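S.K.: Put together the whole structure using the sequences plus the hints.
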Amino acid sequence: MSKNPDIYLLYEYMKKVPFTVRMKACLDAPVDGAVLKDAVQEAMGRFPYFNVKVGLDDKQNYTLEHNDQPIAVLPEKDESLTLGSDEVNGHLFAVTYRADCIWFNYSHAVCGAMGGLFWVKAALYQYMLKKYAPLEAPKDVKLPGTPVEDGEVSFPDPDQLPDDEPISRYDGGDTNLHLGRMLKYLFNPFARDTYYYQINIPVKAFMEYAARIDGSPNTILAAMMFKVSTRLFKEKEGTFISARISADYRKDIGADESYRDFVRFIHARFEWSMKDESIQKLNMRARGAVISQNQPELSYERFKKLCRIHEEIDAKPDLKAKKKHASENSTFRSDPRDTYVISYVGQTDWGGMDAHIKGFYTITDGDLMIELNATTETLCITYQLVNKDRKPLELFCEVLKEEGVPYTVSERYTRYMPKIKLPS
303 MSKNPDIYLL
313 YEYMKKVPFT
323 VRMKACLDAP
333 VDGAVLKDAV
343 QEAMGRFPYF
353 NVKVGLDDKQ
363 NYTLEHNDQP
373 IAVLPEKDES
383 LTLGSDEVNG
393 HLFAVTYRAD
403 CIWFNYSHAV
413 CGAMGGLFWV
423 KAALYQYMLK
433 KYAPLEAPKD
443 VKLPGTPVED
453 GEVSFPDPDQ
463 LPDDEPISRY
473 DGGDTNLHLG
483 RMLKYLFNPF
493 ARDTYYYQIN
503 IPVKAFMEYA
513 ARIDGSPNTI
523 LAAMMFKVST
533 RLFKEKEGTF
543 ISARISADYR
553 KDIGADESYR
563 DFVRFIHARF
573 EWSMKDESIQ
583 KLNMRARGAV
593 ISQNQPELSY
603 ERFKKLCRIH
613 EEIDAKPDLK
623 AKKKHASENS
633 TFRSDPRDTY
643 VISYVGQTDW
653 GGMDAHIKGF
663 YTITDGDLMI
673 ELNATTETLC
683 ITYQLVNKDR
693 KPLELFCEVL
703 KEEGVPYTVS
713 ERYTRYMPKI
723 KLPS
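So in this note's numbering, the last one in the sequence shown is 726, and the numbering has no gaps at all.
Honestly, the hints are just simulated from the structure, not real lab data.
Since this is a predicted model, take the numbers as computed values, not measurements.
Treat the hints with care, since some could be wrong.
Simulated crosslink set (DSSO-like; lysine-lysine; CA at most 30 Å straight-line) [as the list claims (entries may be wrong)]:
1) Lys660 x Lys433
2) Lys444 x Lys305
3) Lys506 x Lys553
4) Lys379 x Lys432
Label-pair restraints from in silico Cβ distances [as the list claims (entries may be wrong)]:
5) Asp360 x Glu539: 20 to 26 Å
6) Gly474 x Glu613: 28 to 34 Å
7) Ser575 x Asp380: 41 to 47 Å
The beta carbon of each residue, even a glycine, is placed where N, CA and C say it ideally should be.
M.R.: Now the structure itself:
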């Protein structure tokens with residue numbers, strides 16, 4: 303593989319999913335646009351691998367070239383941004399703001415949530431430092447002027463990883479319950495009528511509950527969403543319900559500090575016969591799935607497959623062929639189809655910023671998808687749906703109530719996922 307590893311997801315862009323991300327920080331005071339603009343420029347200078355624009359070489363490979371234009375910091379509008387466009391100075395990253403909220407918009411090709419947080423935390427810290435100095439810095443924040451470490455840009459050599467066969471594999475297969483809800487969305491991933499709700503749960507109350515049933519945020523939410531699904535979908539012979547849990551595997555392949563996106567999925571299959579089981583028992587089933595699939599051999603296999611596909615894309619003769627091959631061999635879409643998705647990056651150290659962050663939410667694509675973030679005081683859930691039907695939300699809140707977990711829920715918000723303008 304000779305090309306920048308960050309380009310390959312761009313070949314899949316606009317096939318069925320937008321592959322863009324929004325991270326939304328809700329603060330305790332209205333955002334000062336002028337201060338934010340300065341802070342974002344300072345922070346972006348620390349990340350040369352994000353400070354890029356997309357090009358096309360003479361062999362019709364996408365390239366990432368240095369972008370010396372400032373990153374766009376714009377008022378949030380009720381419409382989607384187009385990354386890579388003149389509006390955002392060609393960048394794959396852009397910032398918008400309105401009232402007391404800041405949205406960090408970026409292409410998933412360059413990084414996922416882990417890498418995105420590198421940039422987000424640095425930009426937020428520079429902003430708050432100007433507003434509230436002195437301010438304790440998060441221990442892992444990457445400050446302007448500090449060097450880019452080797453591990454930060456790590457992309458392992460797949461040939462150096464073992465070829466050992468995993469002890470077991472998930473063989474649960476695809477669920478067909480979800481297709482009816484997703485069909486319209488799959489034909490138009492940028493449809494305006496896709497939504498999310500912000501659900502806040504006090505960390506202390508949730509962790510006390512988790513300790514009682516011996517669960518983690520991922521496994522508890524997987525169990526709760528199974529309950530939701532049994533009440534949302536009609537039971538049909540031959541069908542089942544399954545969870546998809548995002549699993550970061552960078553540590554397995556020796557890329558612990560890398561900004562790049564190394565994610566595979568853990569799948570938990572639930573049968574209809576389990577629908578009356580307690581959340582505690584369902585949580586244990588989800589834990590079993592996590593334990594059985596948490597094998598480094600599966601991570602090696604995933605990474606080697608990814609690198610092989612990259613090489614195959616490089617070998618295709620033109621852009622059309624590269625896009626076709628990327629779409630048909632997508633590692634994301636080759637996974638078993640699941641009913642719902644749980645994604646959690648883990649506890650985040652916000653340092654002194656924590657006092658000024660009311661909530662932090664990740665907005666992505668998909669339906670019946672939960673993105674989870676945490677501050678010191680609050681678990682921040684983004685509950686994502688493809689239409690205005692509130693029933694899935696109401697059922698989730700119903701389960702929280704049944705389990706005695708306190709929560710608050712926001713109004714409905716439109717996602718406005720960014721588009722990407724690419725050379726052709």
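S.K.: State for each hint whether it applies.
M.R.: Quick rundown of the hints versus the structure:
no.	hint	verdict
1	Lys660 x Lys433	holds, 16 Å
2	Lys444 x Lys305	holds, 26 Å
3	Lys506 x Lys553	holds, 28 Å
4	Lys379 x Lys432	holds, 25 Å
5	Asp360 x Glu539: 20 to 26 Å	violated, 57 Å
6	Gly474 x Glu613: 28 to 34 Å	holds, 30 Å
7	Ser575 x Asp380: 41 to 47 Å	holds, 45 Å
Consistency with the previously given hints fails for number 5 only.
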